[in-house]
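Participant: So the chains spell out like this:
6 protein chains.
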Amino acid sequence: MKVLTFGEMMLRLKPQGNNRIMQSDAFEAAYGGAEANVAVSLALLGNDSAYLTKLPENLLGETALATLRKYGVDTHKILRGGPRLGIYFFEKGASVRSTNVVYDRAGSAFATANQTEFDWETLLQDVDYFYFSGITPAISAELEHAVTTACVYCQQHNIPVVCDMNYRGKMWSPEKAQRVMSKLMNYVRICIANDEDFEATLGIKAFDGDMSRGIEQIDAFKEGMMEVTRRYPGCKMVASVLRNIRSVEDSQWMGLLLSDGEFHETTRYNLHVMEGVAAGDAFGAGLMHGILHQFDAQESIDFAIAASVLKLTISGDLNLVQESEIRGVMKKGGGASLSR
Amino acid sequence: MKVLTFGEMMLRLKPQGNNRIMQSDAFEAAYGGAEANVAVSLALLGNDSAYLTKLPENLLGETALATLRKYGVDTHKILRGGPRLGIYFFEKGASVRSTNVVYDRAGSAFATANQTEFDWETLLQDVDYFYFSGITPAISAELEHAVTTACVYCQQHNIPVVCDMNYRGKMWSPEKAQRVMSKLMNYVRICIANDEDFEATLGIKAFDGDMSRGIEQIDAFKEGMMEVTRRYPGCKMVASVLRNIRSVEDSQWMGLLLSDGEFHETTRYNLHVMEGVAAGDAFGAGLMHGILHQFDAQESIDFAIAASVLKLTISGDLNLVQESEIRGVMKKGGGASLSR
Amino acid sequence: MKVLTFGEMMLRLKPQGNNRIMQSDAFEAAYGGAEANVAVSLALLGNDSAYLTKLPENLLGETALATLRKYGVDTHKILRGGPRLGIYFFEKGASVRSTNVVYDRAGSAFATANQTEFDWETLLQDVDYFYFSGITPAISAELEHAVTTACVYCQQHNIPVVCDMNYRGKMWSPEKAQRVMSKLMNYVRICIANDEDFEATLGIKAFDGDMSRGIEQIDAFKEGMMEVTRRYPGCKMVASVLRNIRSVEDSQWMGLLLSDGEFHETTRYNLHVMEGVAAGDAFGAGLMHGILHQFDAQESIDFAIAASVLKLTISGDLNLVQESEIRGVMKKGGGASLSR
Amino acid sequence: MKVLTFGEMMLRLKPQGNNRIMQSDAFEAAYGGAEANVAVSLALLGNDSAYLTKLPENLLGETALATLRKYGVDTHKILRGGPRLGIYFFEKGASVRSTNVVYDRAGSAFATANQTEFDWETLLQDVDYFYFSGITPAISAELEHAVTTACVYCQQHNIPVVCDMNYRGKMWSPEKAQRVMSKLMNYVRICIANDEDFEATLGIKAFDGDMSRGIEQIDAFKEGMMEVTRRYPGCKMVASVLRNIRSVEDSQWMGLLLSDGEFHETTRYNLHVMEGVAAGDAFGAGLMHGILHQFDAQESIDFAIAASVLKLTISGDLNLVQESEIRGVMKKGGGASLSR
Amino acid sequence: MKVLTFGEMMLRLKPQGNNRIMQSDAFEAAYGGAEANVAVSLALLGNDSAYLTKLPENLLGETALATLRKYGVDTHKILRGGPRLGIYFFEKGASVRSTNVVYDRAGSAFATANQTEFDWETLLQDVDYFYFSGITPAISAELEHAVTTACVYCQQHNIPVVCDMNYRGKMWSPEKAQRVMSKLMNYVRICIANDEDFEATLGIKAFDGDMSRGIEQIDAFKEGMMEVTRRYPGCKMVASVLRNIRSVEDSQWMGLLLSDGEFHETTRYNLHVMEGVAAGDAFGAGLMHGILHQFDAQESIDFAIAASVLKLTISGDLNLVQESEIRGVMKKGGGASLSR
Amino acid sequence: MKVLTFGEMMLRLKPQGNNRIMQSDAFEAAYGGAEANVAVSLALLGNDSAYLTKLPENLLGETALATLRKYGVDTHKILRGGPRLGIYFFEKGASVRSTNVVYDRAGSAFATANQTEFDWETLLQDVDYFYFSGITPAISAELEHAVTTACVYCQQHNIPVVCDMNYRGKMWSPEKAQRVMSKLMNYVRICIANDEDFEATLGIKAFDGDMSRGIEQIDAFKEGMMEVTRRYPGCKMVASVLRNIRSVEDSQWMGLLLSDGEFHETTRYNLHVMEGVAAGDAFGAGLMHGILHQFDAQESIDFAIAASVLKLTISGDLNLVQESEIRGVMKKGGGASLSR
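Residue numbers (our numbering), protein chains in the order written: chain L, 3 to 342; chain A, 3 to 342; chain R, 3 to 342; chain W, 3 to 342; chain X, 3 to 342; chain B, 3 to 342.
In case anyone wonders, no lab produced these hints; they're calculated from the structure. Every value quoted in this text rests on a predicted model; they were computed, and no experiment measured them. Some hints could be false.
Just so you know, same-sequence chains aren't split out, so a pair can sit in one copy or run between any two.
Okay, derived cross-link-like pairs now, DSSO-like style, lysine-lysine, Cα gap no bigger than 27 Å in a straight line [said to hold, decoys possible]:
#	residue 1	residue 2
1	K79	K224
2	K207	K333
3	K334	K79
4	K79	K4
5	K178	K79
6	K333	K172
7	K4	K238
8	K207	K178
9	K207	K172
10	K207	K4
11	K185	K207
12	K172	K334
13	K178	K238
14	K334	K207
15	K334	K4
16	K185	K172
Next comes chain L alone, as it looks inside the complex (with noise of 0.2 Å):
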């Protein structure tokens, strides 16, 4: 069962330690991305994985590429070419002071590809499942064809789509979110929505915006599942991380699972965060994990969230870990390092 992810890769630069970008005069270098974390995720944990993006032919995108092949990445699909490739620089927040972003994305070769680039007959020939966040039809007009594209061969060839809603309010106003992502929403068999993607992505109202309460908005998010539900009957799953986040170090997690109309909630995790990105990505892998390996629907969005959690002890955008550690938290749910 062959995964192909798709979506734009990024060198991250982090000032080194806990300095602030004034302070620093060096910068940790990683990179990842959305979908490539996703298809980092699935090849550790021994799946067929394939990313799609398109790389400058330099030396920037050259390591891009060898970070794939290095965690077992397929990168045969991926296009070579274009200006530049993007780069975030990330200010790790600490307490009280939040984590800072500035993103230099613009004009990279995945943002400026053309949507003929793509072929997708080739590209999905031998693909099984189809995975790609909101991210992507947000960077340009071009790759939300593209995306487009690809779900309607999907429909026709029966190969289910997979979407992290992904909200990013510095990409896109969520009118515009809703306008592209309503549409799309009608080829996705599995939903992955997080706090404000509901509202900001698909103008469904389940949270309150308030990051410090997340946990205790469960019945609204719940509410707020089924409704996708009927609205996009095509949609069997729709799945969630919900967050009690108290500052940049503490916060408590849990996964929400919504299948064939019920739902499942896992333990509640109270957690030390060492790096805040990317949790959301290993959940979508761990959730992927379990439906590529038939896990009923309690072990996947258990072993999702254990996937996420893990995350957040990892630095750079890759979740690092091996499913004997995912099993591994899993199995201490009611021990020491959860919350009951």
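Since chain L is already given, all that's left is putting chains A, R, W, X and B on it; use the hints.
Facilitator: Only chains A, R, W, X and B this time, still in chain L's reference frame:
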């Protein structure tokens, strides 16, 4: 509105990472000092901020000067010459292990400066506020005289004097401190006094010395503040940070301001502390910023404590934050990262 | 009063920062081992402390030796020769991700040493206490014989033997451990046994294995300790650390001592753990320091647990603290950083 | 005497140590650009030095600005706004491996600036010398127009214009460069042209392109310089660095100046190169320093080349040296480190 | 055309910077081994390159594997299991201080592998060239048998065998090496032999052992090469690097190839050496690349030596260069960085 | 045979990598001092080596002490107390840029020690050689008296005195140095004098001050040495390093010894210098090792210069090499890395 701060700037050397001095083969270098830190904060917040000290004419003096310039401080008044730059070694604590400071500041250019080197008429001629801390008169008798002369000049020319009591037990005894500071307080318009400062520098018992329960003693603090204004009628404002310090990483902070006879309290912040130094200077600068921009009393103390708790997330002595970040913390006051 | 400790010293390699092995291109190097750690602690506390092991005649052996000398350990008894220095890779965990150790210690100079290389008559002739841990006899049959010979010599010459049970599941099975340790216990005057040691090495059920609630099981621990003294009448003292481990960073610790039939409990410390290794060795050294200086039983166990929790704030295997710092933690017992 | 330099400042990212981009997980960050480097050098040498560019209003723009302030440059004329800070990746070569630069400067705040944003009347009103390099007009047509407008203003107000030809083959073709630069040369009083600049930017053949034997071609250089002054009679001075580059680390440098019809040659320096960037900017700044302080022609070119070869020992784009160090190199001219 | 290389991959640990092991508290980690290095070079040059070894099933084995994947090597044939990954400590020399290697490779997964684990029929079925070095049979008798079996299979199936003699004095004696290698040479089509390899592994005196004047002995080398082809008529090609090593940093290199009875010499490169390891593997890979792409003999040896001298500028065991860079060095043959 | 060396130990702080102080935010820490360096070298070579100084009772004093212990120096005679540890900032030069030292040693524990604190009768009672350098009497009048008292004691008890003249222009004038050293020379049996030492400390002109051609002046050196033995008949041996320093990295060194009226010269080494400090101390220690082990004069000076040139490859003040490495350099005398 130009603020001039007056004090000593030192090189801080901190073992890399979590190392102890005995196991470290590298030190992180930072430059700072109570009044220099205030000057930098004010400059970063967009104010006209000048700093007065004496720096040696060697590469370390140059670098201290360049650091001030980097963050926008007016350095034209600074004297050059003298033997050396003071140093302090900073071994950051963790959990139950206390932070450890080894002073190596004796014989510095500033400590050996003669009071006659400071031509206050020229130095203060374009100044609207004069700011110093109790560290400056503690360094030497010459500097005590220099501060006194400056205060007299300020009184004669109606330049408000701001003083952060900043008691340092390794520099002088309470008896000596009280003898000197009680004289200087006659010139002070705005007084910042924290925790043990009340008793050690003013002989006013406002706190029982148990750092783990400062906030619980808020009524005693208020009584102490009232006593300050009773004794020194020229002092129109007394500000203080109250703290419950549970361990090196974990504490609760709030601000308290007595202004024109009325008390103003802030939200209580629950904090994960990255580095517990110079937060008092950030507080003083935040308060000054409010005064310079004619915030009302409540906004001033809210701004000051938000600036102060942000400092706990920054490495080094300097509070490298922007006004928007301070505003962000103030706004989240009722939110995720606060104590309720 | 000279203490001789006997065991293996290894090179510890830890990925820099929070990295995992797969993403790290540098390892921090530290040298340590249970009994070496005890010897270093005792030397740093001013005691006459010697260490016995076998180190290879290469640059790694030299560096291990130099490390011991640096911290004041008497290294004159150490044998030189043999194939290699044992190594272990240490991947520090975070939050829900457990710390991960990859042993690479097979075939080391010590592990391949022959019992006849240890001339106990000479080695023990100026020694007042002999200290080893359960790791030493677990390494090889030769070393089991060497330890036994040393114990017999000590019994004959009235040199008290101290043993930290230190069960290592990756080195031997409970059956093997019990067979060996139950014999050696006949020579032991002071026994240190933590958590699972009771059952794994002595077959005494004193703890149900749930590390998140060790302290709650204090009565079972006491019963286990009593059982030790009943079975081995030569054993006059049994000491233990009890822990509630909530996550990699967050735990609660206390000490418990059975001495001359009476129990002594310490304060319970709430801790933020920087590095959770070798705290047991710090505990053993703290206890030994108390005994060497004839502290009473309560002070001994208070000192031992304070030394132990300080170790959790230090990087590497060695407890680089001074007596004044341990005393500081003991004094703050009723203060800020403690749980009450 | 105030000098204003005009050009682009970028973030330079260099893999740590000797690493290649593919094997590096951290980049050293430095900020610089041809004209910014000149401004910094002039400020460090005690001159009144201002810099004009446009920097984005984000943390990277702030840091570039702070860097200029740190070294004493007047930054008040700098425009703020626009999309991003230009970046270049710098992979330092070694031995036979050439240094490798990956430009990522398209779409920067400066590159997208409109000529109308530069109000030259105000910007140049207190300026005594105007300095730019051929990079600035190469960036965009708008900047070409802006430079031209500035030159016209300078001519009208008798402000000498200094131009470092600085040909960059990755930015424009020789044809384009010649078309633009030959027009601008009509306004230039002092011209700096190295190696291939003569042909690429002026169409004058003064060098055969073999970097390993530039010094041997000194007569051709002289002829080229004469030709410059013949073609552009307003150009009173032409300066050049001549080089024999034997490998990344090993080269020989000398300076050559044509001033008022006479040639001045310097000592030939044999050099071990640490970092071969921005030495031309150091040369230009050294020359300007001589002119500002009315050194005679020989001293000016001696000072310029000494400043330039010192830059080869400094990491980053900025020539962080003091006048005394430049004088030291000039004095050792007949000594140990020179070629005889 | 698929190449399979067969050998051991190890973890290399190097003190950071210029440190010696005794003063270093961190090691840079790199993964490599003679045949793995060849496989990586071939993959980076765009060839179909597979590697065969046995790696342990732990995080170090995973990381070695991921490193190969990162650079594009086909890792599907690699066996997993066994005790440990071999390690070597690498203390880089400087000037008169020689580089120092401490081997810690005994008992590795590969060294303890049984010859029966290698199913050559399957492993070699899609292979066009088989490449090993003299290190592999030196590791163990089992591996000597494995290599022999592979060679026999290759002979039977007309797969050319390439062997780099690669004598390692710390692994076996000349007598042992000659006994084994002279048997294996009967199967070798292409032989790489450097410096002392001729005598130590083949008993042919072609070099007097003075590394400071290898190039001067080119005639003796030629005679040795002829002797190789006389003794082993199946050997059609003998290639060698000749060196004058003046110090750790300073040496002169050239390539020499005997092919079909004719000698081909390359330019002599004067080099500044960053890291003098694995350049022989880079040479072997460069030669193979020429053969795979049917370069003529002169171009092959020119390409091989250019690849080799580029390796001297790269940190770690792997020659991370692109074909264009090798071509660049070949072209500059008459230029700046070459000796003429 | 026990050697006691007497002098000051300091903390050396060096910007990381090639950085200048103004651009560095971290300093590498090392501990050393002329006589401490000699003591460490002697201990590493297996001699009984003790060191005498006074170190402050703080963490920096502890670390200096631990460093000595690490390398095997007997530290029992060292006094503790006093204000601070001396510091020096070390900015390593490159190519034409000279190395730059900023002293911060005033007011150190040693510099403020009183001569009466040194009880020479006890301190020298088990000592066979007494070694100091000209730095020690240059520090203070008290230390000049202490050295004198020690010398007198040595003369009375027939303990040979060894003195490295070690002139430091930043510490005293030639006049002052000559006044003091000419008196002390009356007690010296073995004198080490380099370059400018002859004139500055003894008023003997043996070198014209041009460091680029010291070796060419060997005859003048010989004459100077003869003059030393004529003036001070008790001085039986004079040793010197002669150098041609071409740049920071590039120099040629040789040793010269006058012993019992005969001259002994060594090979001339062409060197690539990593760090040009403390090589004179390595030379002194090498010479002493020869004397302690009764090498003949030629072997002694050969050993001394080989130890000295090895130091140029080591970071920090301490010559961390083994006897076998020194022997290796001696043996390669006719080989690759030498000048012939």
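Participant: When Cα atoms must be at most 27 Å apart, do K207 and K172 count as within-copy, between-copy, both, or neither?
Facilitator: within (20 Å within a copy, 52 Å between copies)
Participant: Check K334 against K79 for me: Cα-Cα at most 27 Å, and say if that holds within a copy, between copies, both or neither.
Facilitator: neither (39 Å within a copy, 36 Å between copies)
Participant: Is it within, between, both, or neither for K178 and K79, if the alpha carbons may be no more than 27 Å apart?
Facilitator: Answer is neither: 29 Å inside a copy and 39 Å across each miss the 27 Å cutoff.
Participant: Within a copy, between copies, both or neither: where do K207 and K333 come within 27 Å Cα-Cα?
Facilitator: For K207 and K333, the Cα distance is within 27 Å only across copies (23 Å; inside one copy 34 Å).
Participant: Is it within a copy, between copies, both, or neither that the alpha carbon of K178 lies no farther than 27 Å from that of K238?
Facilitator: Answer is within: at 25 Å inside a copy they meet the 27 Å cutoff, but 54 Å across does not.
Participant: Reference check for the pair K185 and K207, CA-CA at most 27 Å: within, between, both, or neither?
Facilitator: This pair counts as within: shortest intra-copy Cα distance 18 Å, inter-copy 63 Å.
Participant: With identical chains, the pair K207 and K4 could be close in the same copy or across copies; at 27 Å between alpha carbons, which is it: within, between, both, or neither?
Facilitator: neither (35 Å within a copy, 50 Å between copies)
Participant: At most 27 Å between C-alpha atoms: does K334 with K207 qualify within a copy, between copies, both, or neither?
Facilitator: between (34 Å within a copy, 22 Å between copies)
Participant: Classify it for me, K79 with K4: is the Cα-Cα distance of at most 27 Å met within a copy, between copies, both or neither?
Facilitator: Result: close both inside a copy and across copies, 13 Å intra and 22 Å inter.
Participant: As a check of your reading, is K333 near K172 (CA-CA no more than 27 Å) within one copy, between copies, both or neither?
Facilitator: Only across copies: K333 and K172 sit 20 Å apart there, 38 Å inside one copy, limit 27 Å.
Participant: Given a CA cutoff of 27 Å, do K4 and K238 count as a within-copy pair, a between-copy pair, both, or neither?
Facilitator: Answer is within: at 20 Å inside a copy they meet the 27 Å cutoff, but 46 Å across does not.
Participant: With identical chains treated as interchangeable, where does the CA-CA distance between K79 and K224 reach 27 Å or less: within a copy, between copies, both, or neither?
Facilitator: neither (38 Å within a copy, 49 Å between copies)
Hint check: violations occur at hints 1, 3, 5, 10 and 15; the rest are consistent with the structure.
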